[in-house]
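Using the sequences provided together with the hints, build the complete structure.
2 protein chains.
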Amino acid sequence: MDLAPTKSKSSSIIDCDFHQTLKSFEDLKPYLPRVWWPRLCAPEATLPITIFKPIPLSRRDASPGKGLPPGSDPQYAIEDALNRYNISKAVLTGSLLTVSAHNNPDYAAAIASAFNDYTLDHWIPTDDRFLASILVATQDPVLAAREIDRLGSHPKVVQVLLPVGSREPFGQRRFYPIYEAAVRNNLVVAIHGGGEGDGINPPISAVGQPTTNFERHNILAIHHMSQLNSIVCEGVFETFPTLKVIFIEGGLAWVPHLMWRMDKNFRGMRNEVPWLKKKPSEYIIEHCRFTTQPIEEPDNHELIQMLSMMRAEKTVLFATDYPHWDNDSPTFVLNKLPGELRRRIAYENAAELYELNHSHVEKEGVSR
Amino acid sequence: MDLAPTKSKSSSIIDCDFHQTLKSFEDLKPYLPRVWWPRLCAPEATLPITIFKPIPLSRRDASPGKGLPPGSDPQYAIEDALNRYNISKAVLTGSLLTVSAHNNPDYAAAIASAFNDYTLDHWIPTDDRFLASILVATQDPVLAAREIDRLGSHPKVVQVLLPVGSREPFGQRRFYPIYEAAVRNNLVVAIHGGGEGDGINPPISAVGQPTTNFERHNILAIHHMSQLNSIVCEGVFETFPTLKVIFIEGGLAWVPHLMWRMDKNFRGMRNEVPWLKKKPSEYIIEHCRFTTQPIEEPDNHELIQMLSMMRAEKTVLFATDYPHWDNDSPTFVLNKLPGELRRRIAYENAAELYELNHSHVEKEGVSR
Numbered sequence: 001m002d003l004a005p006t007k008s009k010s011s012s013i014i015d016c017d018f019h020q021t022l023k024s025f026e027d028l029k030p031y032l033p034r035v036w037w038p039r040l041c042a043p044e045a046t047l048p049i050t051i052f053k054p055i056p057l058s059r060r061d062a063s064p065g066k067g068l069p070p071g072s073d074p075q076y077a078i079e080d081a082l083n084r085y086n087i088s089k090a091v092l093t094g095s096l097l098t099v100s101a102h103n104n105p106d107y108a109a110a111i112a113s114a115f116n117d118y119t120l121d122h123w124i125p126t127d128d129r130f131l132a133s134i135l136v137a138t139q140d141p142v143l144a145a146r147e148i149d150r151l152g153s154h155p156k157v158v159q160v161l162l163p164v165g166s167r168e169p170f171g172q173r174r175f176y177p178i179y180e181a182a183v184r185n186n187l188v189v190a191i192h193g194g195g196e197g198d199g200i201n202p203p204i205s206a207v208g209q210p211t212t213n214f215e216r217h218n219i220l221a222i223h224h225m226s227q228l229n230s231i232v233c234e235g236v237f238e239t240f241p242t243l244k245v246i247f248i249e250g251g252l253a254w255v256p257h258l259m260w261r262m263d264k265n266f267r268g269m270r271n272e273v274p275w276l277k278k279k280p281s282e283y284i285i286e287h288c289r290f291t292t293q294p295i296e297e298p299d300n301h302e303l304i305q306m307l308s309m310m311r312a313e314k315t316v317l318f319a320t321d322y323p324h325w326d327n328d329s330p331t332f333v334l335n336k337l338p339g340e341l342r343r344r345i346a347y348e349n350a351a352e353l354y355e356l357n358h359s360h361v362e363k364e365g366v367s368r
Numbered sequence: 001m002d003l004a005p006t007k008s009k010s011s012s013i014i015d016c017d018f019h020q021t022l023k024s025f026e027d028l029k030p031y032l033p034r035v036w037w038p039r040l041c042a043p044e045a046t047l048p049i050t051i052f053k054p055i056p057l058s059r060r061d062a063s064p065g066k067g068l069p070p071g072s073d074p075q076y077a078i079e080d081a082l083n084r085y086n087i088s089k090a091v092l093t094g095s096l097l098t099v100s101a102h103n104n105p106d107y108a109a110a111i112a113s114a115f116n117d118y119t120l121d122h123w124i125p126t127d128d129r130f131l132a133s134i135l136v137a138t139q140d141p142v143l144a145a146r147e148i149d150r151l152g153s154h155p156k157v158v159q160v161l162l163p164v165g166s167r168e169p170f171g172q173r174r175f176y177p178i179y180e181a182a183v184r185n186n187l188v189v190a191i192h193g194g195g196e197g198d199g200i201n202p203p204i205s206a207v208g209q210p211t212t213n214f215e216r217h218n219i220l221a222i223h224h225m226s227q228l229n230s231i232v233c234e235g236v237f238e239t240f241p242t243l244k245v246i247f248i249e250g251g252l253a254w255v256p257h258l259m260w261r262m263d264k265n266f267r268g269m270r271n272e273v274p275w276l277k278k279k280p281s282e283y284i285i286e287h288c289r290f291t292t293q294p295i296e297e298p299d300n301h302e303l304i305q306m307l308s309m310m311r312a313e314k315t316v317l318f319a320t321d322y323p324h325w326d327n328d329s330p331t332f333v334l335n336k337l338p339g340e341l342r343r344r345i346a347y348e349n350a351a352e353l354y355e356l357n358h359s360h361v362e363k364e365g366v367s368r
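From first to last, the protein sequence lines are chains A and B. Numbered per UniProt numbering, the first sequence spans residues 1 to 368. Numbered per UniProt numbering, the second sequence spans residues 1 to 368.
Wrong hints could be hidden among the right ones.
[As the list claims (entries may be wrong)] Distance condition first, Cα-Cα at most 27 angstroms in a straight line; then the derived DSSO-like pairs of lysine-lysine:
#, chain 1, residue 1, chain 2, residue 2
1, A, Lys336, B, Lys278
2, B, Lys156, B, Lys29
3, B, Lys279, A, Lys336
4, A, Lys23, A, Lys53
5, B, Lys53, A, Lys279
6, A, Lys277, A, Lys314
7, B, Lys314, B, Lys277
8, A, Lys278, A, Lys314
9, A, Lys66, A, Lys53
10, B, Lys278, A, Lys53
11, A, Lys156, A, Lys23
12, B, Lys156, B, Lys23
13, A, Lys53, B, Lys279
14, B, Lys23, B, Lys53
15, B, Lys53, B, Lys66
16, A, Lys336, A, Lys314
17, B, Lys278, B, Lys314
18, A, Lys279, A, Lys314
19, B, Lys53, A, Lys277
20, A, Lys53, B, Lys277
21, A, Lys29, A, Lys156
22, B, Lys314, B, Lys336
23, B, Lys53, A, Lys278
24, B, Lys29, B, Lys53
25, A, Lys53, A, Lys29
26, A, Lys314, A, Lys156
27, B, Lys314, B, Lys156
28, B, Lys336, A, Lys278
29, B, Lys336, B, Lys278
30, B, Lys336, A, Lys279
No lab work stands behind these hints, which were simulated from the structure alone. All of these numbers come straight from a predicted model, not from anything done at the bench.
Below, the structure is given as structure tokens:
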């Protein structure tokens with residue numbers, strides 16, 4: 001991480017992973033049915049809490065003061081991140097991402113819904129650069145689809161956000177109401193880290209729970225891999241040909257391996273998936289996007305090779321993960337990249353994914 | 001797969017994954033306590049059977065005839081693979097690899113033990129080129145260690161074989177009796193595909209069971225990743241500094257991603273693992289080895305780049321996976337590689353790992 005401000009004002013940046021959070025669970029009360037209020041007073045019953053959680057999760061220097069959590073004050077976050085790094089747009093990816101790991105699907109849906117209202121009321125009006133995600137709990141995809149239809153037409157909403165942790169892979173048919181609603185509302189589907197190994201979900205590692213948060217964090221991307229593999233294999237992109245899926249906070253360097261393995265196996269086992277009309281890697285490059293943070297940090301020539309293998313000029317988008325402890329500054333990531341690739345990753349790929357009008361954004365940048 | 005014979009007689013090859021199997025479970029009876037015999041007559045109770053299993057698992061053309069399973073007749077396998085491909089040594093990796101997924105640890109240990117006796121009696125004497133693994137069931141590591149001590153001094157035994165599927169990651173302390181016994185007997189520890197998602201083990205994918213064998217096979221390597229990550233993070237290589245671990249049938253191209261992610265996180269979280277004295281990638285390159293099959297098949301220059309990223313000149317070993325359906329011939333794999341790297345992967349890395357005397361092997365090759 002490098003906290004130096006971005007050098008050039010001319011280089012536009014879209015941040016695809018910017019975390020807003022609550023000052024406290026009290027913030028949800030205006031949007032939450034009273035039947036659920038008692039849970040807000042009992043932290044152990046509010047949401048599944050991972051025993052592996054890094055302490056602290058967020059940068060202490062990103063706190064707005066007065067003992068408030070980092071990312072809980074829009075004005076502070078605007079100064080501390082958007083202005084400091086000259087960010088053109090920031091997609092809010094929220095918090096409460098263990099919501100899909102809760103045992104109660106009705107409560108989980110109500111919490112996600114209340115958080116969405118809180119975001120639209122308390123964050124979106126504070127700065128034109130913020131864009132919103134609709135957080136949904138995946139335990140009940142029909143309730144999730146209802147939430148998407150409730151808020152999907154809001155002009156600042158650009159995507160549906162699914163925490164990656166799940167008991168069932170997202171390619172399976174019971175999740176189709178979510179994709180139908182996303183497509184109906186012209187929204188991207190975002191799959192973001194959260195809920196792995198918590199609550200009702202399977203263990204973090206494929207062979208049981210790890211021992212340390214270090215071990216946990218190293219292996220988290222297997223959940224992104226499993227979801228991507230399921231979505232492609234089940235033919236979700238044949239059923240929903242306009243759907244785009246963005247994988248957030250899963251890292252990047254596993255993508256070539258999975259694409260290659262899927263393509264190899266497709267040659268030997270395509271008779272099992274007759275609904276697939278092209279190679280798995282073609283669906284991935286056309287329909288899937290991946291954000292940079294936490295970007296792997298090998299020698300730079302190896303990073304560039306890996307990015308080339310995954311067609312990063314089309315598939316990779318910049319993200320800070322502000323204000324989490326391991327967030328990346330734009331300079332740290334983008335200075336590693338050659339010019340044209342830097343422009344694609346910093347701005348163009350996200351602008352195309354979210355259908356943002358380039359000149360409009362740049363004008364806003366100038367007027368601010 | 002390319003079935004053409006290996007061109008040059010001079011290029012020595014060690015095959016690190018050669019599967020022998022039983023003609024039928026009856027073959028185990030001479031080595032198995034009578035109390036377990038009734039299970040051998042009831043296929044559904046013998047070993048966990050994966051519903052995802054490819055049908056057939058093995059190449060039909062590798063059957064010795066008379067309706068016998070491929071890999072069940074040493075003489076046929078010697079002609080069909082060792083002689084055809086001019087293989088100098090073949091490490092037998094057996095079958096019954098769901099043994100660690102069985103609910104009963106005593107039965108599982110007895111089955112593994114019987115299979116080892118069968119291998120040493122029926123396969124090892126048939127050809128000097130065969131080397132043996134000791135299959136152990138990991139449910140009870142103390143019983144596993146006893147089995148390693150029982151057979152570990154046999155001159156043809158080169159390694160202990162653990163199926164990768166497990167309820168607990170292999171770095172955890174309850175597995176240390178296995179590593180102690182392996183080191184005591186100067187044996188490599190091999191972790192081989194098998195038991196993922198079967199019986200008592202967690203699901204195949206990190207987010208629940210997949211739908212097709214295609215989807216299953218694409219994601220299997222997350223079990224290898226999880227075990228490697230656990231073993232390094234827990235400091236197994238600090239506790240057992242002479243231990244070597246070979247990861248078989250997990251593919252290769254995921255290794256750079258995991259090494260890079262571990263090294264990055266080590267910079268931020270090494271306070272959680274004070275027993276680690278160097279970067280995770282250094283332990284991996286020094287102590288871990290990976291076999292080629294099922295090798296990923298991107299454009300060749302991308303494969304060479306990926307192999308360079310994982311220091312393949314030291315870490316990668318050739319394997320056929322004979323006689324399974326997706327086995328690789330030496331020509332198919334080795335012809336992709338430049339000369340020096342080909343020699344390392346085809347022969348040298350395995351000869352060093354298993355401490356095989358090069359000139360001794362070549363002499364055997366000539367006298368045959």
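Against the structure, the hints:
1. Lys336(A) - Lys278(B): holds, 25 angstroms
2. Lys156(B) - Lys29(B): Holds. Lys156(B) to Lys29(B) sits at ~23 angstroms (cutoff 27 angstroms).
3. Lys279(B) - Lys336(A): Distance ~22 angstroms between Lys279(B) and Lys336(A) Cα, so the pair holds.
4. Lys23(A) - Lys53(A): Given pair Lys23(A), Lys53(A) holds - Cα atoms ~19 angstroms apart, limit 27 angstroms.
5. Lys53(B) - Lys279(A): holds, 22 angstroms
6. Lys277(A) - Lys314(A): holds, 21 angstroms
7. Lys314(B) - Lys277(B): holds, 21 angstroms
8. Lys278(A) - Lys314(A): holds, 18 angstroms
9. Lys66(A) - Lys53(A): holds, 23 angstroms
10. Lys278(B) - Lys53(A): Holds, at about 24 angstroms.
11. Lys156(A) - Lys23(A): OK: Lys156(A) and Lys23(A) at ~22 angstroms, within 27 angstroms.
12. Lys156(B) - Lys23(B): holds, 22 angstroms
13. Lys53(A) - Lys279(B): holds, 23 angstroms
14. Lys23(B) - Lys53(B): holds, 19 angstroms
15. Lys53(B) - Lys66(B): With a Cα-Cα distance of about 23 angstroms, the restraint between Lys53(B) and Lys66(B) holds, given a limit of 27 angstroms.
16. Lys336(A) - Lys314(A): This hinted pair holds, its Cα atoms lying about 17 angstroms apart.
17. Lys278(B) - Lys314(B): holds, 18 angstroms
18. Lys279(A) - Lys314(A): Within the cut-off at roughly 17 angstroms; holds.
19. Lys53(B) - Lys277(A): Holds - the C-alpha atoms of Lys277(A) and Lys53(B) are around 24 angstroms apart, at most 27 angstroms.
20. Lys53(A) - Lys277(B): Holds: Lys53(A) and Lys277(B) sit about 24 angstroms apart, inside 27 angstroms.
21. Lys29(A) - Lys156(A): Measuring from Cα to Cα gives roughly 23 angstroms; hence the hint holds.
22. Lys314(B) - Lys336(B): holds, 17 angstroms
23. Lys53(B) - Lys278(A): holds, 24 angstroms
24. Lys29(B) - Lys53(B): holds, 25 angstroms
25. Lys53(A) - Lys29(A): With a Cα-Cα distance of about 25 angstroms, the restraint between Lys53(A) and Lys29(A) holds, given a limit of 27 angstroms.
26. Lys314(A) - Lys156(A): holds, 24 angstroms
27. Lys314(B) - Lys156(B): holds, 24 angstroms
28. Lys336(B) - Lys278(A): Given that 27 angstroms is the threshold and the Cα spacing comes to 25 angstroms, the pair holds.
29. Lys336(B) - Lys278(B): violated, 33 angstroms
30. Lys336(B) - Lys279(A): Holds, at about 22 angstroms.
When each numbered hint is compared with the structure, a violation occurs for hint 29 only.
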